[in-house]
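Peer 1: Below, each chain spelled out in residue letters.
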Amino acid sequence: MSDKKLKITINGKKALCGKDETILDAAKKAGVRIPTLCYDERLEPYGGCRLCIVKVKDVHKPQPACTTRVKDGMEVFTETEEVRRLRKNILTLLLSNHPNDCMTCEATGNCGLQSLAYEYKVDGKRFAGETWDLPIRDDNPFIVFEPNKCILCGRCVRICNDVVMAGTIELTGRGFDSLPDTAFGKPRSLENCEFCGQCVSTCPTGALLDKKGMGKGRPYELTKVKTTCSYCGTGCNFFLNVRDGKVVKVTSDYDAPVNQGNLCIKGRYGYDFIHSSERITAPIIKKDGKYVEATWDEALDLIAKRFAEILAKHGPSSLGAFSSARCTNEENYLLSKLVRTVFKSNNVDCCARV
Amino acid sequence: MAGLATSLGAGAATNSLAQMHDIDTIFLFGSNPTEAHPIVSIHLKKALKKGAKLVVGDPRQTWMARRADVWLNLKPGTNIALINGIINVILKKGWENKEFINKRTEGIEELKAKVKEYDLKTVEKITGVSQDNIVEAARLYSQAKNGMIVYGLGVTEHNSGTENAMAIANLALVCGQIGRPSTGIMALRGQNNVQGSSDLGPLPATLPGYQSVKDDSARAKFEKAWGVSLSSDIGLKSVEMLDEAIKKRFKGLFILGEDPAQTDPNVHEVRHALESLEFLVVQDIFHTETTKFADVILPGASFAEKDGTFTNGERRVQRVRKAVDPVAGKAEWEVISEIATRMGYPMHYDHPSEIMDEIASLVPIYGGISYGRLEKESLQWPCPTKDHPGTTTLYRPPGNDNALHRPVLKAGRACEIYPPGPETLRRNCRKGISLHAYYRPDTRALQ
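Listed in order, the protein sequences are those of chains A and B. When we follow the working numbering, the leftmost residue of the first sequence carries the number 1, and every step to the right adds one. When we follow the working numbering, the leftmost residue of the second sequence carries the number 1001, and every step to the right adds one.
Everything labelled a hint here was simulated from the structure, so no lab data went into it. Since the structure is predicted, the reported quantities are computational estimates derived from the model, not experimental observations. Honestly, I wouldn't trust all of these hints.
[To be verified] Below, computed lysine-lysine pairings styled on BS3-like, alpha-carbon distance capped at 25 Å: (1) B:1103 with B:1116; (2) A:224 with B:1376; (3) A:5 with A:57; (4) A:88 with A:121; (5) A:224 with B:1322; (6) A:226 with B:1075; (7) A:29 with A:19; (8) B:1145 with B:1098; (9) B:1214 with A:226; (10) B:1046 with A:28; (11) B:1247 with A:313; (12) A:216 with B:1322; (13) B:1098 with A:286; (14) A:5 with A:71; (15) B:1214 with A:344; (16) B:1376 with A:29; (17) B:1292 with A:286; (18) A:246 with B:1322; (19) B:1116 with B:1221; (20) A:211 with A:246; (21) A:344 with B:1145; (22) B:1248 with A:305; (23) B:1098 with A:344; (24) A:57 with A:71; (25) A:226 with B:1247; (26) A:344 with B:1116.
[Said to hold, decoys possible] What follows is a set of in silico ranges between Cβ atoms, one per label pair, in the way DEER data are often shown: (27) A:162 with B:1214: 49 to 55 Å; (28) B:1375 with A:84: 34 to 40 Å; (29) A:214 with B:1093: 56 to 62 Å; (30) A:255 with B:1224: 38 to 44 Å; (31) A:255 with B:1267: 40 to 46 Å; (32) A:139 with B:1247: 54 to 60 Å; (33) A:255 with B:1131: 46 to 52 Å.
Ideal Cβ positions, reconstructed from N, Cα and C, are used throughout, including at glycine.
Given these sequences and hints, build the entire structure.
Peer 2: Here it is, written out as structure tokens:
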């Protein structure tokens, strides 16, 4: 039977799981947190960072939870002294070549490396040695790459090649010189990058950043409002990040039924129009051939008066309305209701009728 | 909307996007999702990675066309000939799904007679697609375990857009590639709420929920709820309203979030019509070509400034949530209510959730939808009752309560641009990227 559940235990607690599940999947379902840095649910498991190692009973070496499939009767221990010691070593090595400038780093509060360093009480001092000192790449309007903060987890490269299939960046170089980069280190441009920001969304550190949101607030200072994109008909969800009445950033919603955290350039970066200086900010009335600002009461009274006059003089066939496929369901319904109840006709149409 | 509605019963995509991963043959027609619907393309790419076959019908050599097993590089405007040619091949080779056709469709003999005119030689001549490619496309789609047709504006935005959609519906029905997960027809919608704005009836012939203005019992239901008597005369379409305006018979127009002076065909005529109106009100978030003709311009609220719902291309009703205050203090739903009230029809809602409750009481396909439920889940219509889970796949076989009706056989967008462009082409919204980079005419399609 393909749907037969396997029985395992995690830290002594019983769990049921499907045969295709990994230890990490099973632990997530059981509410047990296993640390990861190279894992993103949008990507195939990679087993690169080794932070998810766990002890499996009767297996000699620690096993990576993200790539190890469960077996019936498996006994998993996620927090043994040995795996915690090994994880701490890995983190210490990562921090040995990291700027450790969390005070000014854009990712602070939203950084996997920072959270784990905090949890495992790691600092960057133990393994002194050569460190990267590479220039920051700030060559486009959307994505800033600070290579010194890269931990080579490969998430950006994998999401670009495996999910978006844009092929903009790849791991280049060998050993200490490895780096996710564009071909020949060329600046990102629309020739080779879609600027979907998927790489930024998956980066677990401050190496890849949304330029437009930089300096606009720490995660705990931002209010996240879950909403639906207003561009095409796909219906992606995301979070508008708001501070002091302004939308300063868009972040992924991994629970979104349509897009599972993925976004395109418009959804992720196309929000400037909300606070554009060219927005219409008050009602405007044409008086003697000139447009002048008016109050809502003036404008709405005039509209009601003029429509009522036309209706009385020329009848229902002389009035109508156009609705919009950009407006909400509720607004479309109300406009239809306005025409049918007040204008007394069915003269209402919408661009969607094709 | 109209094409699928005529052929299948509902003018809506039949399945859900998440099912795309398990497609065996993707038939992509008149759509360039890598540019126009990038997240849909991510779903399709997942299917490709799992080994799905890909047939692309497009005059342009798009990203998908370059990776297709069969690229049907048809001449623009020859969609129907190509699809009828494919149906003809399928019927001739006996690749059709006879059981499905017998049990679930009507009109196969008429279709057979019609598509006979489209033999391979003729179709090759009309469309420019080689005979081998037509046969291979027919085989890949008809013989797939799960074949899905995904089409975009390359199908609908034609003079014969409605008939194109019907031809596509015929193809799916002949092959029985409908009514199961990872099959069916997905129409990719250009705007966020094409589906919802059709569903909720700002349309001249139908009340909200595709209920005809000619249907006495439907009208009676709305008359009772709205407390007025309603006209049973089909209203004027937008083009007709403008024509009547030029003839000075149509005098007053309220345009909500539309820019016909920029986006409609024959803009000179449209502008002339707008000039001819006695009184024009336009509500929008930016000044547009259309606001230039307005007597009153009202500030609109952007999607970040109001609560509401959008219905996406797969019939999924999802929340829009207010993140910041409307720049001018009022959202459109408040403005419409105030105009109605000032004209003697009291209309008052404290919150858009109350409007949705009213919609649910009058529109059966939205019957089970409420903001309370949408906090916890998103629902694909039809969702007729409060305990209905919504419908991921339309036209499941009879016996399943999802079954609807008995079906009857009868320019490119760039990723970073959103036409007509009030949001994305505004200067300060594209800071740092040259305009050159935005417009990439694909000369190959013009050859």
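Peer 1: It remains to establish, for every hint, whether it holds in the given structure.
Peer 2: We went through each hint and held it up to the structure:
1. B:1103 with B:1116: Given pair residue 1103 of chain B, residue 1116 of chain B holds - Cα atoms ~23 Å apart, limit 25 Å.
2. A:224 with B:1376: 17 Å, holds
3. A:5 with A:57: Roughly 20 Å between the alpha carbons, so the hint for residue 5 of chain A and residue 57 of chain A holds.
4. A:88 with A:121: Holds. Residue 88 of chain A to residue 121 of chain A sits at ~8 Å (cutoff 25 Å).
5. A:224 with B:1322: 11 Å, holds
6. A:226 with B:1075: Violated: residue 226 of chain A and residue 1075 of chain B sit about 43 Å apart, past 25 Å.
7. A:29 with A:19: 14 Å, holds
8. B:1145 with B:1098: Holds, at roughly 15 Å.
9. B:1214 with A:226: Roughly 40 Å between the alpha carbons, so the hint for residue 1214 of chain B and residue 226 of chain A is violated.
10. B:1046 with A:28: 24 Å, holds
11. B:1247 with A:313: 16 Å, holds
12. A:216 with B:1322: Distance ~20 Å between residue 216 of chain A and residue 1322 of chain B Cα, so the pair holds.
13. B:1098 with A:286: 65 Å, violated
14. A:5 with A:71: 10 Å, holds
15. B:1214 with A:344: 15 Å, holds
16. B:1376 with A:29: 19 Å, holds
17. B:1292 with A:286: It holds: about 10 Å lies between the C-alpha atoms, which stays within 25 Å.
18. A:246 with B:1322: 12 Å, holds
19. B:1116 with B:1221: The given pair, whose Cα atoms are some 46 Å apart, is violated under the 25 Å limit.
20. A:211 with A:246: 16 Å, holds
21. A:344 with B:1145: With a Cα-Cα distance of about 52 Å, the restraint between residue 344 of chain A and residue 1145 of chain B is violated, given a limit of 25 Å.
22. B:1248 with A:305: Distance of about 20 Å is within 25 Å: holds.
23. B:1098 with A:344: Since the Cα atoms of residue 1098 of chain B and residue 344 of chain A sit roughly 50 Å apart, the hinted pair is violated (cutoff 25 Å).
24. A:57 with A:71: The given pair, whose Cα atoms are some 12 Å apart, holds under the 25 Å limit.
25. A:226 with B:1247: 48 Å, violated
26. A:344 with B:1116: 49 Å, violated
27. A:162 with B:1214: 49 to 55 Å: Distance hint for residue 162 of chain A, residue 1214 of chain B holds at roughly 53 Å.
28. B:1375 with A:84: 34 to 40 Å: 39 Å, holds
29. A:214 with B:1093: 56 to 62 Å: At roughly 60 Å between Cβ atoms, residue 1093 of chain B and residue 214 of chain A fall inside 56 to 62 Å, so the hint holds.
30. A:255 with B:1224: 38 to 44 Å: 40 Å, holds
31. A:255 with B:1267: 40 to 46 Å: Given about 43 Å between the Cβ atoms, the range holds.
32. A:139 with B:1247: 54 to 60 Å: Distance hint for residue 139 of chain A, residue 1247 of chain B holds at roughly 57 Å.
33. A:255 with B:1131: 46 to 52 Å: 48 Å, holds
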